[in-house]
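Participant: Quick note, the sequences are listed as chains A and B, same order. Residues in the first sequence are numbered from 1 upward in steps of one, following UniProt numbering. Residues in the second sequence are numbered from 1 upward in steps of one, following UniProt numbering.
Treat the hints with care, as some may be off.
[Unchecked claim] To give a feel for the contact side, a few chain B residues facing chain A, derived at Cβ under 7 Å: (1) E83; (2) L107; (3) F111; (4) H117; (5) M134; (6) M147; (7) S150.
Rather than coming from a laboratory, the hints here were simulated on the basis of the structure. We put the beta carbon where it would ideally sit given N, CA and C, even for glycine.
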Amino acid sequence: MALKIVKGSIDRMFDKNLQDLVRGIRNHKEDEAKYISTCIDEIKQELKQDNIAVKANAVCKLTYLQMLGYDVSWAAFNIVEVMSSSKFTFKRIGYLAASQCFHEGTDVIMLTTNQIRKDLSSPNQYDTGVALTGLSCFVTPDLARDLANDIMTLMSHTKPYIRKKAVLIMYKVFLKYPESLRPAFPRLKEKLEDPDPGVQSAAVNVICELARRNPKNYLSLAPLFFKLMTSSTNNWVLIKIIKLFGALTPLEPRLGKKLIEPLTNLIHSTSAMSLLYECVNTVIAVLISLSSGMPNHSASIQLCVQKLRILIEDSDQNLKYLGLLAMSKILKTHPKSVQSHKDLILQCLDDKDESIRLRALDLLYGMVSKKNLMEIVKKLMLHVDKAEGTTYRDELLTKIIDICSQSNYQYITNFEWYISILVELTRLEGTRHGHLIASQMLDVAIRVKAIRGFAVAQMATLLDNAHLLTGNTQRNGICEVLYAAAWICGEFSEHLEDPMQTLEAMLRPKVATLPGHIQAVYVQNAAKLFATVLQKHEGETDSQAAQETSQLLIDRLPLFVQSANLEVQERASCILQLVKYIQKLQQKNVEVAEEVTALFAGELNPVAPKAQKKVPIPEGLDLDAWINEPPSESESEDEKPKAVFAKEEPKHYRSRNTEVDEKELARRREVRKQEQANNPFYIKASPSSQKVYDAPGVEHIPVVQIDLSVPLKVPGMPMSDQYLKLEEERQQKEKAERKKKEKKKKREKRGKGRKADSGPESEEDITPAQHVDIVTEEMPENALPSDDDDKDPNDPHRALDIDLDKPLADSEKLPVRTHRPEVLKSPAEDRVSESVPPETKKKSSKEKKEKKKDKEKDRKRSKEEKKKKKKHKEVEEELLESQPEEPVQSEETKEAAAPPTSTSAEASDLDFWLSSAPVPPAAQEVTVPSSAVETSSAAVPESEPDEPKDTEPEDTKSSKHKKKKQKKEKEEKEKKKKKRHHHHHHHGEAGGEDSVQNGTVEEEEPLPPMSNYSVLAENSFIKMVYDIQGNHQDESKVVVSIIFENKSDSFLKSMEFNVLDSLNSKLQRPEGAGPHDGLTVPFQLPPGVSNEARFVFSVQSIVMPQKLKGTLTFIVKSDESSTHEKLDFKLHFTCTSYLITTPCYSDAYAKLLESGDLKGSSLRLEGINMPFHHLLARICFHHHFSVVERIDSCASMYSRSIQGHHVCLLVKTSDQTVSIDAKCDEPSLLGNVLDELKQTFSKC
Amino acid sequence: MIKAILIFNNHGKPRMSKFYEHYTEDTEQQIIRETFHLVSKRDENVCNFLEGGLLIGGSENKLIYRHYATLYFVFCVDSSESELGILDLIQVFVETLDKCFENVCELDLIFHLDKVHNILAEMVMGGMVLETNMSEIITQVEAQGKMEKSEAGIAGAPARAVSAVKNMNLPEMPKNINIGDISIKVPNLPSFK
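Could you put the whole structure together from the sequences, leaning on the hints where they help?
Facilitator: Right, here's the structure in full:
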């Protein structure tokens, strides 16, 4: 036998292995393709052999060839064969090949389901690992559905190596099979607190990836991540979490406030640049979400900007790049803080690294002011000349236009300069942004009336030199500029000095080579020019010249009449006929100029880009209805005129509704006219449409007027640089002038439309060089410009936008491994097919039976499978099988119910966590101890979803824990129900109650600031203040928040917090720590900095106050030395700290008092001279009570301990005497609370 | 998410490619070529980030690369990854290769593509970072290597001997083409952990 194996392998050793293949390829450099094709033939032979080792070797070689670009999908089946080898060596080769070349379209994938499942449950962790790794690359929706449950089981594997892989792959499973997200989420969340850092990191990774796409669903995890952030030391995890917070803060500004401090501390303390950078980024995100309103955050901005400056100044190009990247984020909300670093950014524009230049360009956008715009643009123009690649040059071009046109040309003081810049830009070769330049030209010429004369002159020159631009006739190429030029010259032809010359330029034969839409504009505007020329000649009574002009048109237009472009043809023939007619009239010496000009009379107003879309559709208008019966289908559509500037979506007339009455038609005509009137690019055919043009809306166009300074006449065709010089001179002159005038005369009022505070202060000195009207764009009334950017419907992450807080429904569970996995069906179908016994009354009982059947099958099958199956799996299954029906049922109930409770608790917990003040009632769980609840709770378990029995081969040891959980869940459910109920009834009063709740009754004077933090201990280095709060979720836990403040000039580090536990109260230490070990404080303190840490204590009895002794040890590190210091303290757990502010409604409160279970006690306080509402506020704030009802000088209050004791107070006041009657179901607790109350008031 | 990890040499020859999204073989080659063009024309001392090429995802993605001796290591990532973090990850990857191959050089990668993939699989899984701790990665890689050896057992011995002989017969193989080793210290980046 052994001999045979050896013999076989000796045969094999002369096969080519991967190394031989590679070597061979390297030796056949000239005829590589040929060599490889012979190799592929060899491989095909090898794959036909039975020996798995030979096959594996062949597959390994194929993997290499795949990398070289050879399609190896033909070997997919052989790959599957190798994957299913029992030897790890071959299996790994198989999975690697599969991960490289399998994808959703590979059909053999469906053969792999069972093999993968087998490998996942292999006792060898590396088999499992390899299968998971492979699966992560080629998982399909089918595989995800069939294996989700197996993978979820692996998330609780004993080996962290498997756990982390299973956790990571869940993300892929979610993507392919979104239904699995909700059932799997609770366990995924659990993994955030896995003892193994690798698993934890994987879980953070997955949740961050999920949350990034749909952040709002993950907001409730914020407290958990916050805890991780303050406790984790793994930079990868920290970076991920901090990035996640960056995504969450825009949704919840309160979160941002909470984050600022720990992040700032991290910025100060971390040495890892990557972490520092991400912290800065998130702080920026926070600041953006808070936007204004937080004056004290200017320090944070300064810190960020300052750190970023350090990055940008660093010699490391990477840091420079990232610094600029982050800076551009600050720019959006805090431009002023960035502007002060202008020098640095301008310097980066000259960097040799293109990535960095691009980033600096982004920043420039916010750097410009009226003062420096010309200078910056000049610099950019220099770069344009120097730039080698077209991409970078185009980027520069768009940036120049962006910068200049931003906020309605706010920074442009001289539009002549801008037009010349645009004209200069047309000289760029090979740009793809001709369209952009053209639309700028049009925009400026239309909206800035004062510039039209200049613009027309420039455009005429452009038209004259059109041959320079026509080299590039591709779409969006620079020839697009001619479109603008022709239109401007035509429309504003009255400004032309020599319209005849321009007309001639527009009718040159060369024009016919331009794209159709440009020709069309040429023809139309030639007609406009013709009108102008006629008028001019008739004014001079030069009929000869007028007739010559007509002749010119008649000579040249036929060229366009022959155009292949329908639009050009149509316009040309119309105009040709018109001119012919005019010529006839001219020959009879009839004066026609006036009538011809009337064709093009009237002014065009600019329209906002989306205005047309916003025009409300008038009632009764059906845009889909046919106007005319559609022509036969056969008509070709490829001759559609192309709309260039008005990007209209083609309307599809589909419905064949032809019955349109007269009225409707009239209305439509009206609407169409209106539309035409509002469209500047719709060329009006007759003066009659002018009437429509005066429709409402036009007179409301706000015209921004800036009436300052004398226009500067620049003769000829100056270059933009000249403007720069002129501008400088002008500014200097003005400055000098103003200095003289300033004392005598107040400065003229500036234009109303512009914001006075835009741009840096110094800018107010600069006055525009021209008399400029910037006409704002028209919009239909009540319509606001907006960006309706829809999400990409193909984004796979859209499917994962799933509310995770909603309770799981019946149908939501992972498909369970059926015992006929070869039948690939949807989970629902599976269930139906398995339930052979027909209809049963209830769904649950039906499923129970089904399960029984399953189980029977299980047993039968298990015999066969036992050989193959791995031990532990079996044991688990048997354990489950041997359990009686009842507990199984309940366990499932728990399983299914777990997610909703934890998440709903979290949602309210989030509010609690986010707000330090008492929580508004809506957000808090309302607990009303009433018997009515019982009935509703009875119904709950029945309605719970059932899960097929072997969904979860759960560790049975956890079942105890689960029972407890279940109990809590029930409670939570009740609360939830109750809450809903209350919402229903008290909806209207919610606002009023809210204010009473917080003890601040509206009309009265403001409260003095209060804090619950009291001093814990203090020495010359450090001060600790603390506050204790009960934990909502756990009846035996309290959270102690301690703020550590570094009072010294030295750095404090390695702080360790330790407490001597008592029998009753214990500090919660991490797993594996001894009962006397201290806890490391998860941060270091630079001088003057303070930070908060939280420690959880478990308590048994809460009826008595407690004191715990403890010590804080830390290292004081100064420049020259470091010393070890120690500070003792006593933690005082008052009974108050076990109380939780819980709102209570008066009816429930009355019931509670009536029940008679409560024992009373009372207290009198003398000499209290504070307003009653202050008194109440103090009780609320310091002792965690809420006001139930207040009538004049009498109020009832309620609170609840973490263990569910009710505490009721009736507070009355008269003449400095306050009497408090109190009731509680635990007398000693009450006594202590009253004592503490007394103490509070004796202090004031 | 990491979209792709590419290793190619100074001439653009692919040495390893791992795509975490499916592309056809032709597109993959095109991506490698495009990436090579983008990366190779950059100077040595410019930043290691590059706006993504047109083929992989476009502007959403970034190319983060390092150049070691004869090889480019390029990671194509989206915005959820920390740029500096990925740079460190590349360093961890290269150092791990260096440990596993004992002074890694381009030839090691050429002849042991499978091993490179196996090492990478311990670091990045399905486009997400799995492990960043080098010693942990090496432990797992070595444990799997051991398993492979024990499986080969007696039967593997002759094949190994033959391959050793083959290598001896070809003197050009190990030394002549040795294109320098990968041992470059990272400037300015305090690494993770």
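Participant: For every hint, state whether the structure bears it out.
Facilitator: Evaluation of the provided hints:
no., hint, result
1, E83, "6 Å, holds"
2, L107, "9 Å, violated"
3, F111, "5 Å, holds"
4, H117, "5 Å, holds"
5, M134, "13 Å, violated"
6, M147, "5 Å, holds"
7, S150, "9 Å, violated"
Consistency with the previously given hints fails for numbers 2, 5, 7, ordered from lowest to highest.
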